[in-house]
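2 protein chains.
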Amino acid sequence: MVTYTPPLRDMRFVYHELLDGDALAEIAQYADYTPDVIDAVLEEAGKITSEVLFPLNLSGDTEGCTLKNGVVYTPKGFKEAYDQFTQGGWTGLAAAPEFGGQGAPAALHFLVQEMICSTNMAFGMYPGLTEGAYNAINLHGSDKQKALYLPKFVEGTWSGTMCLTEPQCGTDLGLIRTKAGPQPDDSYKITGTKIFISAGEHDLTENIVHLVLARLPDAPEGIKGISLFVVPKFLPNDDATVGPRNGVTCGSIEHKMGIKASSTCVMNFDDATGWLVGLPHKGMSAMFTMMNTARLGVGIQGLGLGEAAYQGGLDYAKERLQGRALKGAESPDKPADSIIVHPDVRKNLLTMKSLTEGIRALSLWTAINLDKAEKSEGAAERQRADDLVQVLTPIVKSFGTDKGFLAANLGVQIYGGHGYIHEHGMEQYVRDARITMLYEGTNGIQALDLIGRKMGAHYGRYLRAFFHPLQEFIEENADNEEMQAFILGLAKAFGRLQQATGILAQRGLRDPNEAGAAATDYLNLFGHVAVAFMWAKAAKLAFNKKDADPTGFYSGKLKTARFYYERVLPETSSLFAMIMAGGDSIMGMEEELFGAAVAA
Amino acid sequence: MVTYTPPLRDMRFVYHELLDGDALAEIAQYADYTPDVIDAVLEEAGKITSEVLFPLNLSGDTEGCTLKNGVVYTPKGFKEAYDQFTQGGWTGLAAAPEFGGQGAPAALHFLVQEMICSTNMAFGMYPGLTEGAYNAINLHGSDKQKALYLPKFVEGTWSGTMCLTEPQCGTDLGLIRTKAGPQPDDSYKITGTKIFISAGEHDLTENIVHLVLARLPDAPEGIKGISLFVVPKFLPNDDATVGPRNGVTCGSIEHKMGIKASSTCVMNFDDATGWLVGLPHKGMSAMFTMMNTARLGVGIQGLGLGEAAYQGGLDYAKERLQGRALKGAESPDKPADSIIVHPDVRKNLLTMKSLTEGIRALSLWTAINLDKAEKSEGAAERQRADDLVQVLTPIVKSFGTDKGFLAANLGVQIYGGHGYIHEHGMEQYVRDARITMLYEGTNGIQALDLIGRKMGAHYGRYLRAFFHPLQEFIEENADNEEMQAFILGLAKAFGRLQQATGILAQRGLRDPNEAGAAATDYLNLFGHVAVAFMWAKAAKLAFNKKDADPTGFYSGKLKTARFYYERVLPETSSLFAMIMAGGDSIMGMEEELFGAAVAA
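Chain order of the listed sequences is A and B. Take the first sequence: its letter number 543 is residue 759 in this note's numbering, and every next letter is one higher. Take the second sequence: its letter number 525 is residue 741 in this note's numbering, and every next letter is one higher.
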């Protein structure tokens with residue numbers, strides 16, 4: 217059976233030492249979040265996640281959700297765990313104090329999220345979706361809507377959903393057909409079918425509040441004719457108690473590869489009463505303002521599963537006795553050596569460790585800038601921070617989930633055949649991680665976002681928010697003897713990224729398919745460079761601190777950094793070559809020839 | 217729902233055109249296997265797999281196997297399908313005519329196996345394990361054992377298993393504890409517990425014949441003290457009917473990530489009667505002689521699932537309407553374009569197609585040489601063929617399954633969120649494919665086999681069996697104008713492989729951990745070069761034939777070859793750099809530092 221220990225040492229390292237998390241306390245709204253408060257919250261989060269959520273992870277996967285007579289039942293123990301979770305205030309961690317929340321920085325929230333995803337990603341979907349609904353109403357709702365719904369979300373007594381896609385849509389929300397008919401009062405009648413609605417129906421809360429994209433009768437065609445509505449399962453009374461049942465029902469729940477304890481519902485809206493959120497026909501822009509946060513949240517899911525898989529793999533590698541070290545027995549008194557003596561097992565572990573810790577740093581850097589973008593005093597600082605968040609969001613989402621899935625698979629590989637057995641808990645990580653590459657925009661869509669929207673925006677301003685600090689770091693450390701290997705490796709990989717960027721900007725202007733054909737490789741190249749930047753910074757710190765450190769933490773950081781530079785970062789060389797090869801071999805294949813070899 | 221069409225056109229291409237499959241008919245035992253017979257068998261195999269096995273694939277996964285009172289029930293329809301399968305003679309396709317088999321070449325058998333794995337890999341485990349047992353007894357059993365068991369295996373009325381591992385063993389079979397006590401007659405009493413026994417118990421056949429590794433009382437410790445026994449579920453009467461039940465029972469079946477319709481059993485042997493197969497203490501060498509074939513079979517599983525996933529992804533990419541082509545609508549009359557217009561979707565499809573077809577060619581080349589190694593007249597020719605099989609076996613197993621798993625995942629990616637839903641059938645391919653990287657020796661073990669056993673054997677003779685024809689091809693085509701891009705790309709990648717081989721041979725002598733730390737990357741580099749060789753040969757044929765071909769088949773081949781060279785093969789550049797970086801960063805990390813970041 218897998219185990220989990222909250223990686224608090226590394227979380228403190230990235231927050232307090234590697235990045236300027238502590239500077240967030242200088243922002244008025246975050247003044248309470250001093251280093252000791254951060255550590256205390258992390259410790260408490262570590263407890264509830266490892267002690268309450270983690271023990272329900274495997275059983276929740278085994279049991280799954282069940283639908284009976286329109287009611288969805290979550291697995292055994294989930295309701296009790298959810299109550300403990302809400303009573304601990306975790307549903308309001310990042311919410312505004314005026315609605316009962318604790319107003320914590322996103323940076324802290326992200327680290328807590330990681331622990332939730334490591335220990336029970338399926339459970340995390342329920343409060344996670346509520347946070348999305350909170351954000352939607354907080355950013356776009358009326359004061360009355362805010363006053364009604366937000367305190368309920370913070371308490372956790374009502375939960376939320378995001379009802380976007382429909383069977384014919386997928387990513388293309390311009391194809392939405394759900395209708396909203398205006399009523400004599402200020403309400404609307406919503407009719408249509410939504411699919412893939414996470415937490416659409418469940419037994420954890422007294423009410424479920426759906427945020428629904430639909431078309432008004434006079435709506436323009438396509439993406440510009442979509443409005444956002446709030447549609448509660450039970451209509452709220454004036455005193456914020458729940459009133460009569462609304463015309464929204466769960467038609468079925470999906471049988472999925474993973475996150476089986478998270479209900480994924482087909483939701484039928486049948487003349488359901490709803491209210492407009494924000495302006496008519498502006499539903500998509502309301503969605504877009506939240507999408508960045510949601511995508512970062514999915515990246516964190518990948519990170520959390522990567523960490524869990526690493527811990528699972530490491531435990532097993534230390535305990536499992538099999539074979540002998542290639543240079544002779546290391547534990548001659550035992551029947552066999554533990555498999556951590558084998559180079560290939562170590563390589564898998566270090567791949568997981570270097571990617572997971574690197575992505576943790578990259579995600580936290582993004583989160584800190586998310587906080588600064590919203591709360592910093594100076595407009596220039598806010599913009600610079602937001603620029604960085606814009607460019608890093610698709611990276612954290614795609615690179616974070618690609619590598620989380622990789623780590624989950626390497627974890628299974630370390631277990632050998634036992635990794636394939638349900639009871640050990642490792643194969644669940646693979647199945648759970650697989651969804652993160654698909655939802656909130658597939659990873660291919662993220663790559664298009666990076667290359668199509670983010671790369672050229674404001675004449676490359678978003679990119680510069682990332683390129684400049686990296687370039688500065690290289691220059692600052694160019695003469696630092698002990699940093700030479702890292703600076704050379706970073707400069708080389710960064711050079712590839714800059715060159716690819718320049719060439720793709722030119723080619724993409726001439727032919728958008730050229731940008732599209734390179735997009736995934738480009739994002740992957742970008743992700744490797746971004747994580748290399750984090751590791752170079754970590755290495756510099758580690759050089760300074762390792763001699764005074766009896767725990768070996770910094771020495772381990774330095775060795776992991778070196779592994780990343782020698783055995784992971786070289787992937788940029790292939791990615792660069794593939795990008796340079798261009799899109800002709802991709803676009804030149806006639807559609808009918810794809811199937812020519814299959815034909816009889 | 218996914219569909220499947222047997223890729224007969226490509227199978228005929230690799231067998232008759234690309235490779236010298238037809239030359240096998242010059243071998244006396246294969247004289248019947250003329251081109252038209254090959255095609256007829258492929259066609260029939262295509263029918264039974266697509267019409268009988270494929271419709272049971274998803275339902276078999278949903279239902280799984282059940283154990284009640286010691287009896288394992290396979291999913292609904294499996295027994296009827298199995299009876300059709302045996303009545304069609306498929307259980308005896310590659311078996312010797314003297315035991316009722318059809319004596320088909322391994323090359324044909326492999327192509328049929330691919331179709332079985334594409335359509336119902338879990339079903340294929342039952343006859344697949346029987347073939348393993350057939351080979352064990354055929355190669356090492358007494359004449360009496362052969363006469364008793366082999367006709368039953370060929371008929372399919374009795375099935376077989378391979379009982380190797382135990383809870384404490386995994387790959388390290390030296391740790392086996394199962395005991396065999398000699399009896400006054402020529403039998404033994406077998407006692408012990410075996411795990412992960414595929415087809416260990418089921419309801420498809422009247423008897424199940426276990427091939428069991430166990431220790432005789434006087435056995436030396438470790439790997440050199442293991443003997444092989446045949447232990448039938450029901451003791452055979454002299455007239456080859458089934459007699460009394462033997463002391464072997466199924467204790468439990470595993471809950472697995474995939475291949476759920478294949479029973480994976482814990483088998484308890486409790487004073488079970490068995491008979492020695494081959495010589496005392498020589499069980500491991502008996503196993504080794506079969507292991508190559510078994511490993512190739514697992515590679516074919518990866519290939520089969522890759523093909524199935526490709527077809528699933530291609531269907532969906534053509535049918536699914538969503539978004540618009542980047543350069544403007546391609547189907548303006550429809551609400552959206554089909555997603556195959558998008559470069560990233562095409563890139564995923566071409567990655568799957570180029571790897572699957574390339575690995576099909578590589579596997580068939582291996583299979584043809586397997587036939588030549590066993591049946592060719594000249595000893596030199598047999599040895600050259602066997603050398604090639606030796607070196608290609610770990611490649612087909614690991615590269616084939618790594619890329620099969622990749623293809624299964626790309627297939628899901630093309631489906632987007634729908635790929636995560638069980639009913640569509642795509643996520644099953646991922647779960648089924650995952651085991652192929654683990655069993656018959658994890659892919660890491662294959663890499664050690666390549667670099668540790670195969671690379672240096674006979675002063676590099678195995679390697680030369682691959683390097684020489686590749687080198688000759690490059691030289692022969694050096695002046696071929698239209699082949700320039702392929703020859704240059706192949707020579708460059710081959711140069712990397714040769715250089716890596718030379719350096720690793722040196723480093724590995726000095727420090728075996730250096731070889732171990734490079735093994736997986738080296739195998740991956742080797743696999744890319746081997747598939748590049750297949751594609752270069754295919755491209756040469758396609759250049760010659762495409763103008764006279766109205767179907768576009770050769771044009772498609774040429775374009776797929778180009779894609780492989782431009783967008784897949786460059787991975788060799790990274791792999792080379794990672795190998796060159798050496799193993800210090802892997803072996804230099806102290807065991808306790810792996811967990812330093814996790815600590816509180």
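Do not rely on the hints blindly, as some may be mistaken.
[What the hints assert, rightly or not] Once the Cα atoms are required to be at most 35 Å apart in a straight line, the calculated DSBU-like pairs of lysine-lysine come out as: (1) B/Lys360 - A/Lys498; (2) B/Lys395 - A/Lys708; (3) A/Lys395 - A/Lys440; (4) B/Lys543 - B/Lys498; (5) A/Lys591 - A/Lys360; (6) A/Lys292 - A/Lys550; (7) A/Lys295 - B/Lys284; (8) A/Lys498 - B/Lys284; (9) B/Lys395 - B/Lys405; (10) B/Lys591 - A/Lys550; (11) A/Lys543 - B/Lys395; (12) B/Lys405 - B/Lys440.
[Stated by the list, open to error] Chain A stretches covered by chain B per the calculated footprint, using a threshold of three residues with CB under 8 Å from any CB of chain B: (13) 634-643; (14) 658-664; (15) 733-746; (16) 755-761; (17) 792-799; (18) 805-811.
Source of the hints: derived by calculation from the structure; they are not laboratory data. C-beta atoms are modelled at their ideal positions from N, C-alpha and C, and glycine is treated no differently.
Cross-check of the supplied hints:
Note on B/Lys360 and A/Lys498: the hinted pairing is violated, with a Cα-Cα distance of about 82 Å set against a maximum of 35 Å. Among the hinted pairs, B/Lys395 with A/Lys708 is inconsistent with the structure: their alpha-carbon atoms are about 59 Å apart, more than 35 Å. For the proposed pair A/Lys395 and A/Lys440, the alpha carbon gap of about 14 Å is at most 35 Å, so the pair holds. Among the hinted pairs, B/Lys543 with B/Lys498 is inconsistent with the structure: their alpha-carbon atoms are about 67 Å apart, more than 35 Å.
With a C-alpha separation of about 24 Å, the suggested pair A/Lys591 and A/Lys360 falls inside the 35 Å cut-off, and the hint holds. Annotation: proposed proximity of A/Lys292 to A/Lys550 is violated, straight-line Cα distance about 41 Å (limit 35 Å). Among the hinted pairs, A/Lys295 with B/Lys284 is consistent with the structure: their alpha-carbon atoms are about 33 Å apart, no more than 35 Å. Between the alpha carbons of A/Lys498 and B/Lys284 the distance comes to roughly 59 Å, so the proposed pair goes past 35 Å and is violated.
A hinted pair counts as satisfied when its Cα atoms are at most 35 Å apart, and B/Lys395 with B/Lys405 qualifies at roughly 8 Å. For the given pair, B/Lys591 sits about 46 Å from A/Lys550 by alpha-carbon distance, which is inconsistent with the 35 Å threshold. Taking the CA atoms of A/Lys543 and B/Lys395, the gap is about 31 Å. The hint holds against a cut of 35 Å. Of the pairs offered as hints, the one joining B/Lys405 and B/Lys440 holds, with about 20 Å between alpha carbons and a cut-off of 35 Å not exceeded.
Look at the region 634-643 of chain A against chain B: 7 of its residues bring a Cβ nearer than 8 Å to a Cβ of that chain, three or more, so the hint holds. Counting residues of the region 658-664 of chain A whose C-beta lies closer than 8 Å to any C-beta of chain B gives 5; at least three are required, and the coverage claim holds. Counting residues of the region 733-746 of chain A whose C-beta lies closer than 8 Å to any C-beta of chain B gives 3; at least three are required, and the coverage claim holds. Note: the region 755-761 of chain A has 0 residues with beta-carbon separation from chain B under 8 Å; the three-residue rule is not met and the coverage is violated.
For the region 792-799 of chain A, the stated coverage by chain B is satisfied: 5 residues place a CB nearer than 8 Å to a CB of that chain, which reaches the threshold of 3. Under the rule that three or more residues need a Cβ within less than 8 Å of chain B, the assignment of the region 805-811 of chain A holds, with 7 such residues.
Hint compliance for this structure: hints 1, 2, 4, 6, 8, 10 and 16 are broken, all remaining hints hold.
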